[in-house]
Amino acid sequence: NAGVMQNPRHLVRRRGQEARLRCSPMKGHSHVYWYRQLPEEGLKFMVYLQKENIIDESGMPKERFSAEFPKEGPSILRIQQVVRGDSAAYFCASSPQNSGRSTEAFFGQGTRLTVV
Amino acid sequence: KNQVEQSPQSLIILEGKNCTLQCNYTVSPFSNLRWYKQDTGRGPVSLTIMTFSENTKSNGRYTATLDADTKQSSLHITASQLSDSASYICVVSANTNAGKSTFGDGTTLTVKP
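For the record, the sequence lines run as chains G and R.
Heads up, the first sequence is in our numbering, so the first residue is 1 and it goes up one at a time.
Heads up, the second sequence is in our numbering, so the first residue is 1001 and it goes up one at a time.
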């Protein structure tokens, strides 16, 4: 059972371009979460999705950022018109159908976005 | 406001020594508390997860404690190894969903030979 797969591992974009980050959850997991980690800082929650639904996007910037988790395929975090401040590591985590108070979330290795 | 505070921010110890990392939280209502280890450039990896009724849990040389009354947790590392050098993150969940949780900023541990 492969873990959470994120690609690409590294992404370089020029200011104004679009960045698309992909996350394939673990097999059997229907909950996906995205986090951003700025250099030398902790992980910050961005968005929580289930298949075809955004459950909580309270951590998403109001503009330029969007996320989806379609019925088929990976979850996508999309950043339009990137700026230098978007440079960070973006982590995805997944968990199985919520089964109780000890639900575990497993992290991918992250995508490191560099905006030049 | 839900908060998780970790101390110290960074710690340097010699190989073979023990150390204890602290986590204080104000997350409510409490669901579970997790400790993660994050190696540089990698994703976090779970070490322990504890619910309200558990006050200690071990994973090899890692032992986590939880005091739900004082809202404090600690992670004790025994006989440290060079590979223990990493960031240790305390995460507290306020509901039954593991994903939307409050993360501490982590303690950066450096183990020197």
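I should point out that these hints are in silico values taken from the structure, not numbers from a laboratory.
Nothing here was measured: the structure is a model prediction, and the numbers come from that model.
Hints should not be assumed to be uniformly reliable.
[Claimed, not checked] Under 7 Å between C-beta atoms, here's a sample of chain R residues computed to sit facing chain G:
hint, residue
1, G1016
2, K1017
3, G1043
4, A1068
5, F1103
6, D1105
[Stated by the list, open to error] Partial chain R-side listing against chain G, Cβ under 7 Å, derived:
hint, residue
7, R1042
8, A1086
9, A1094
[What the hints assert, rightly or not] Keeping only pairs whose Cα atoms sit at most 30 Å apart, straight-line, the calculated DSSO-like set for lysine-lysine is:
hint, chain 1, residue 1, chain 2, residue 2
10, R, K1071, G, K44
11, R, K1001, R, K1112
12, G, K27, G, K71
13, G, K27, G, K44
14, R, K1112, G, K71
15, R, K1001, R, K1057
16, R, K1057, R, K1112
17, R, K1001, R, K1017
18, G, K51, G, K27
19, G, K27, R, K1057
20, R, K1017, G, K62
21, R, K1057, G, K44
22, R, K1071, R, K1017
23, G, K51, G, K71
24, R, K1057, R, K1017
Even glycine gets a Cβ: it sits at the ideal position worked out from N, Cα and C.
Against the structure, the hints come out as follows:
1. G1016: 28 Å, violated
2. K1017: 25 Å, violated
3. G1043: Holds, about 4 Å.
4. A1068: Violated, about 13 Å.
5. F1103: 5 Å, holds
6. D1105: Holds: closest Cβ of chain G sits about 4 Å from D1105 (chain R), inside 7 Å.
7. R1042: 6 Å, holds
8. A1086: Status violated, d = 14 Å.
9. A1094: 11 Å, violated
10. R:K1071 <-> G:K44: Distance ~21 Å between K1071 (chain R) and K44 (chain G) Cα, so the pair holds.
11. R:K1001 <-> R:K1112: 37 Å, violated
12. G:K27 <-> G:K71: Satisfied, since the Cα-Cα distance of roughly 14 Å is no more than 30 Å.
13. G:K27 <-> G:K44: Measuring from Cα to Cα gives roughly 25 Å; hence the hint holds.
14. R:K1112 <-> G:K71: It is violated: about 48 Å lies between the C-alpha atoms, which goes past 30 Å.
15. R:K1001 <-> R:K1057: 27 Å, holds
16. R:K1057 <-> R:K1112: Given that 30 Å is the threshold and the Cα spacing comes to 26 Å, the pair holds.
17. R:K1001 <-> R:K1017: Violated, at about 36 Å.
18. G:K51 <-> G:K27: Holds, at roughly 13 Å.
19. G:K27 <-> R:K1057: 27 Å, holds
20. R:K1017 <-> G:K62: 47 Å, violated
21. R:K1057 <-> G:K44: The hint holds at about 26 Å.
22. R:K1071 <-> R:K1017: Status holds; Cα separation ~27 Å.
23. G:K51 <-> G:K71: Distance of about 6 Å is within 30 Å: holds.
24. R:K1057 <-> R:K1017: 20 Å, holds
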